[in-house]
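A.B. asks: Line order of the protein sequences matches chains A and B.
Heads up: the first sequence is residues 0 to 253, going by numbering that gives the first Met the number 0.
Heads up: the second sequence is residues 0 to 243, going by numbering that gives the first Met the number 0.
A portion of the hints provided could be inaccurate.
List time: in silico DSS-like cross-link candidates among lysine-lysine, alpha-carbon distance up to 30 Å [as the list claims (entries may be wrong)]: (1) B:43 x B:69; (2) B:182 x A:90; (3) B:43 x B:189; (4) B:43 x B:11; (5) B:29 x A:243; (6) B:35 x A:243; (7) A:90 x A:22; (8) B:189 x B:200; (9) B:30 x A:243; (10) A:86 x B:116; (11) B:30 x A:86; (12) B:189 x A:90; (13) A:165 x B:19; (14) B:19 x A:18; (15) A:90 x B:43; (16) B:118 x A:214; (17) B:182 x A:18; (18) A:18 x B:118; (19) B:223 x B:200; (20) B:35 x B:19; (21) B:227 x B:43; (22) B:19 x A:86; (23) A:243 x B:19; (24) B:200 x B:35; (25) B:183 x B:81; (26) B:29 x A:165; (27) B:19 x B:30; (28) B:223 x B:183; (29) B:183 x B:200; (30) B:182 x B:118; (31) A:90 x B:69; (32) A:90 x B:118; (33) A:23 x A:165; (34) B:180 x B:223; (35) B:30 x A:165; (36) B:227 x B:200; (37) A:90 x A:165; (38) B:19 x B:29; (39) B:227 x A:90.
I should point out that these hints are in silico values taken from the structure, not numbers from a laboratory.
The structure displayed is predicted, hence computed values, not measured ones.
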Amino acid sequence: MPINRYLTLVFYLTYAELKSESKKFFVSYLWWIVEPVVNMAVYYVVFGVLLNRGTDNYIAFLLIGLIPWRWFSAAVMQSSMIIGQQKQLIKRVVVPKTIFPTVNVLTHTFKFVIVFAVLVLFLMILGMNPSIHYLALIPLLISQFFFILGVSYVLCSFVPFMMDLKLAINSAIMMLFFLSGIFFSGENLTGNARTLFYLNPLAHMIEAYRDILLKQHWPSSLGIFILFSLGVVAMFLGRFLLHKWSHMYPKVLR
Amino acid sequence: MNQDKLAVIEMKNVGLYYPKFMNLFSLSRKKHWALKDVTFDLEKGETLGVVGRNGAGKSTLLLLMAGILKPDLGTIYSNTSKISLLSLQVGFVPYLSGVDNIILSGLLSGYSIEEIKEKMEAIIDFSGLDTWIHQPIHTYSTGMKARLGFSIAFFTDPDVLLVDETLGVGDARFQKKSEEKMKKRISSNKTVVLVSHSQAKIQELCDRVVWLENGQTVMQGPTKDVMKAYESGLQESRIDMRFK
Chain A
0 MPINRYLTLV
10 FYLTYAELKS
20 ESKKFFVSYL
30 WWIVEPVVNM
40 AVYYVVFGVL
50 LNRGTDNYIA
60 FLLIGLIPWR
70 WFSAAVMQSS
80 MIIGQQKQLI
90 KRVVVPKTIF
100 PTVNVLTHTF
110 KFVIVFAVLV
120 LFLMILGMNP
130 SIHYLALIPL
140 LISQFFFILG
150 VSYVLCSFVP
160 FMMDLKLAIN
170 SAIMMLFFLS
180 GIFFSGENLT
190 GNARTLFYLN
200 PLAHMIEAYR
210 DILLKQHWPS
220 SLGIFILFSL
230 GVVAMFLGRF
240 LLHKWSHMYP
250 KVLR
Chain B
0 MNQDKLAVIE
10 MKNVGLYYPK
20 FMNLFSLSRK
30 KHWALKDVTF
40 DLEKGETLGV
50 VGRNGAGKST
60 LLLLMAGILK
70 PDLGTIYSNT
80 SKISLLSLQV
90 GFVPYLSGVD
100 NIILSGLLSG
110 YSIEEIKEKM
120 EAIIDFSGLD
130 TWIHQPIHTY
140 STGMKARLGF
150 SIAFFTDPDV
160 LLVDETLGVG
170 DARFQKKSEE
180 KMKKRISSNK
190 TVVLVSHSQA
200 KIQELCDRVV
210 WLENGQTVMQ
220 GPTKDVMKAY
230 ESGLQESRID
240 MRFK
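Work the whole structure out from these sequences, hints included.
C.D. replies: Below, the structure is given as structure tokens:
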């Protein structure tokens, strides 16, 4: 499929997805803000108030970790099942299978951007005005986007052959949720725990967001570079697999 | 084959299997061969009927011709890329307007946005939806949706149209209008492959027929000859069943 037709199709499918999501509900677009806010309020009450980890700016610290995390986890979890969800289409028309995870990631990205803007507003209310270091958000956001896209491609290429993977992926994401430094800072760790902690690219990612938004200094470029490279490598691998097994999916999806 | 006849699709000894569901406690790697050995040519401009009992492999054959599946055995050669399976309402999104759905459906079937916009008016006209076309399609009746679906499928006009009637294309109310249009198309020197349970329809519409049984081509040729053999074959098997 020529690239311009591919992009047009991706654009229309994303538009269709967002539009139908908003039309489904009475408060429509507002859900894109209300749902994450409610969700994060719960985390704040549990971890910030009840478990009393109330250090300075803990709510800002927590939200800066949670919001980019949710972009990753929500997009990846849905992407991993996307081929199965689109089986009616896959059995009827010939389209590159990468379209489905791409559209899904774009939809989640759109919703993330709204919530992220709200976060920046919130930080300003707390007195943390944007600084020059916000420029580093550009490579960071782009790298995270490619990381999500790459992981999505690889996972969705395997899941139709082994539905068990869906459960394994959900467990892995739950584990990463607690190990990526959303609730604590990796800087306090020592020894082996610290080494292991920083093997996780998502830990670097969250730390980079905090460097920029909370501490207002430049993040480590190595962390961002690792995130980006892993994403691009995964993207090419996933694309290769999706093409290779393109004709297997209509066979195994019942 | 005649030299002056141009084959659009050539199938040679084509076979295809579906993997059987497998889990840890039944690790047999069994395959179900839906097609075993199918050979025929689809010629330009003809209407080819495909007949056979349930499970003979007719629908799988269409998916192969459409390029949705690839053969595990044999080869398929096709000299056009504009082959499409008539699938009404494919990719319809309920909360989008009729116009948006026309664009989406067209893009999914492999047409460019320019091609779709060119045909937009004709599609809207034929659907008879008028100003409804700007309303989200979840407000449509079943009949209206069927009309829109058929209009899109009809006007996108591929080189080879694959029609699987066993999939229940459209609803009864719209069937008449669509059938007329389909007949017109078939008589207009377009290449069509038709899978149907209705022997009368095959007799009426097709130039040639391929008879499939258990994933193999039993017979192919002019409609009259094949249908005669097929009908007597069916009768025989009915008699067999009675005595079993």
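A.B. asks: Run the distance test for residue 90 (chain A) versus residue 43 (chain B): straight-line Cα separation, threshold 30 Å.
C.D. replies: The given pair, whose Cα atoms are some 25 Å apart, holds under the 30 Å limit.
A.B. asks: Can the restraint linking residue 182 (chain B) and residue 18 (chain A) be considered satisfied, given a maximum Cα separation of 30 Å?
C.D. replies: violated, 38 Å
A.B. asks: Given the proposed pairing of residue 90 (chain A) with residue 69 (chain B), does the C-alpha separation stay at or below 30 Å?
C.D. replies: holds, 12 Å
A.B. asks: Taking 30 Å as the top limit, are the C-alpha atoms of residue 182 (chain B) and residue 90 (chain A) close enough?
C.D. replies: Holds: residue 182 (chain B) and residue 90 (chain A) sit about 26 Å apart, inside 30 Å.
A.B. asks: Given the hint that residue 183 (chain B) pairs with residue 200 (chain B), does the C-alpha gap stay at or below 30 Å?
C.D. replies: Given pair residue 183 (chain B), residue 200 (chain B) holds - Cα atoms ~14 Å apart, limit 30 Å.
A.B. asks: Check the hint pairing residue 183 (chain B) with residue 81 (chain B) against an upper bound of 30 Å on the C-alpha distance.
C.D. replies: At roughly 20 Å apart (the allowed maximum being 30 Å), residue 81 (chain B) and residue 183 (chain B) satisfy the hint.
A.B. asks: Given the hinted pair residue 200 (chain B) and residue 35 (chain B), is their alpha-carbon gap at most 30 Å?
C.D. replies: Holds. Residue 200 (chain B) to residue 35 (chain B) sits at ~27 Å (cutoff 30 Å).
A.B. asks: Quickly compare the C-alpha distance for residue 19 (chain B) and residue 18 (chain A) to 30 Å and report which way the hint goes.
C.D. replies: violated, 38 Å
A.B. asks: Are residue 29 (chain B) and residue 165 (chain A) close enough, with their CA atoms no more than 30 Å apart?
C.D. replies: holds, 24 Å
A.B. asks: Are the Cα positions of residue 86 (chain A) and residue 116 (chain B) separated by 30 Å at most?
C.D. replies: Holds - the C-alpha atoms of residue 116 (chain B) and residue 86 (chain A) are around 27 Å apart, at most 30 Å.
A.B. asks: Would the pair residue 223 (chain B) and residue 200 (chain B) pass a check requiring their Cα atoms to be no farther apart than 30 Å?
C.D. replies: holds, 13 Å
A.B. asks: Decide if the proposed pair is consistent with the structure: residue 43 (chain B) and residue 11 (chain B), CA atoms, cutoff 30 Å inclusive.
C.D. replies: holds, 17 Å
In the structure shown, a violation is registered for the earlier hints numbered 14, 16, 17 and 39, in ascending order.
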